[in-house]
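Visitor: Letter by letter, the chains look like this.
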Amino acid sequence: MTNCDCLTAKDKQVVTTFWSKIASKADDIGADSLSRLVTVYPQTKTYFSHWKDTSATSPQVRKHGITVMGGVREAMGKINDLTGGLLTLSELHAFTLRVDPANFKLFTQCMLLVVAIMFPVDFTPEVHMALDKFMAALARALSEKYR
Amino acid sequence: MVEWTDQERSILNAIFSSLDYEDVGPKALSRCLIVYPWTQRYFAGFGNLYNPEAIKPNPNIANHGIKVLHGLDRAELSVLHSEKLHVDPDNFKLLSDCLTIVIATKMGNAFTGVIQAASRSSCSVLPRTFHGARTSVEKRLRSFEIMAH
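Residue numbers (full-length UniProt numbering), protein chains in the order written: chain A, 1 to 147; chain B, 1 to 149.
Chain A on its own, in the form it takes in the complex (with noise of 0.2 Å):
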């Protein structure tokens, strides 16, 4: 099992701190991005094809966009070691939810825009490069055990 150095010291200090200031509102992030992900990505319904409403305004959605982003939440405390931080969130990605790692992207796509949007002024190119990077570095995580 081998650990992603690519986060630089300073990545991680520029993520750290702006995720600081964008944490109490992690759930309105998680929320909207998940609805966002469904609009402008229907074909990622289809993971969710087990409930009534799949819609950007199903409750159910914007809920699971909270858990999703409780998982972000989770990786920022253990940025330090991604890979063993998110072993088990890792196992269940790729033997239970076997969602396509493709998606990850798209998700980072729709959260980076929500964020963009509640923090105009925040949302520099240089947090914007750190937090996709961090992102990049957490799917790469979550991919770890799927083959």
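It cannot be assumed that every hint is accurate.
[As the list claims (entries may be wrong)] Covered stretches of chain A (in silico footprint by chain B; criterion: 3 or more residues with CB under 8 Å from a CB of chain B, positions within the stretch not fixed): (1) 16-28; (2) 117-123; (3) 127-135.
[Stated by the list, open to error] A few chain B residues that don't get close to chain A, going by computed Cβ distances all over 12 Å: (4) Asn13; (5) Ser30; (6) Ala44.
No wet-lab data here; the hints were simulated from the structure. Just so you know, even glycine gets a beta-carbon here, dropped at the ideal spot from N, CA and C.
Starting from the known structure of chain A, arrange chain B on it as the hints suggest.
Guide: The following block gives chain B in isolation, referenced to the frame of chain A:
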């Protein structure tokens, strides 16, 4: 070929007709160069791109960002970018993502999921415009498609 619904055309028309190209263009391109630094390879002659502090106020980058937005309706740019500048088409997706973020930042909550979806179909035309079709007729058709009427 991209097929837009009437609703999508209306949305795109509203966005682009009220867009401040002088502001959005530079912000989108400089964000792209900062977030995806490998895209800087195409701007070797544009002056100091050493770090974000140098990229943001760079007037050459700002001017080119404005040009990019105005250039969406010029089919001959397709040939220029593919055959002379050799720009990897994937880079246009990266620029599209940055453009979407800049527009969303300006519009705030008005940039809804429906608008985001319409913008995504619009921005997916960017790679096809600049690395467009094989024939000049198809190139013209594509350039007219992305002009909001």
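Visitor: Each hint needs a verdict: does it hold in this structure or not?
Guide: Status of the hints after comparison with the structure:
no.	hint	verdict
1	16-28	violated (count 0)
2	117-123	holds (count 3)
3	127-135	holds (count 3)
4	Asn13	holds (19 Å)
5	Ser30	violated (7 Å)
6	Ala44	holds (20 Å)
Consistency note: the structure conflicts with the earlier hints numbered 1, 5.
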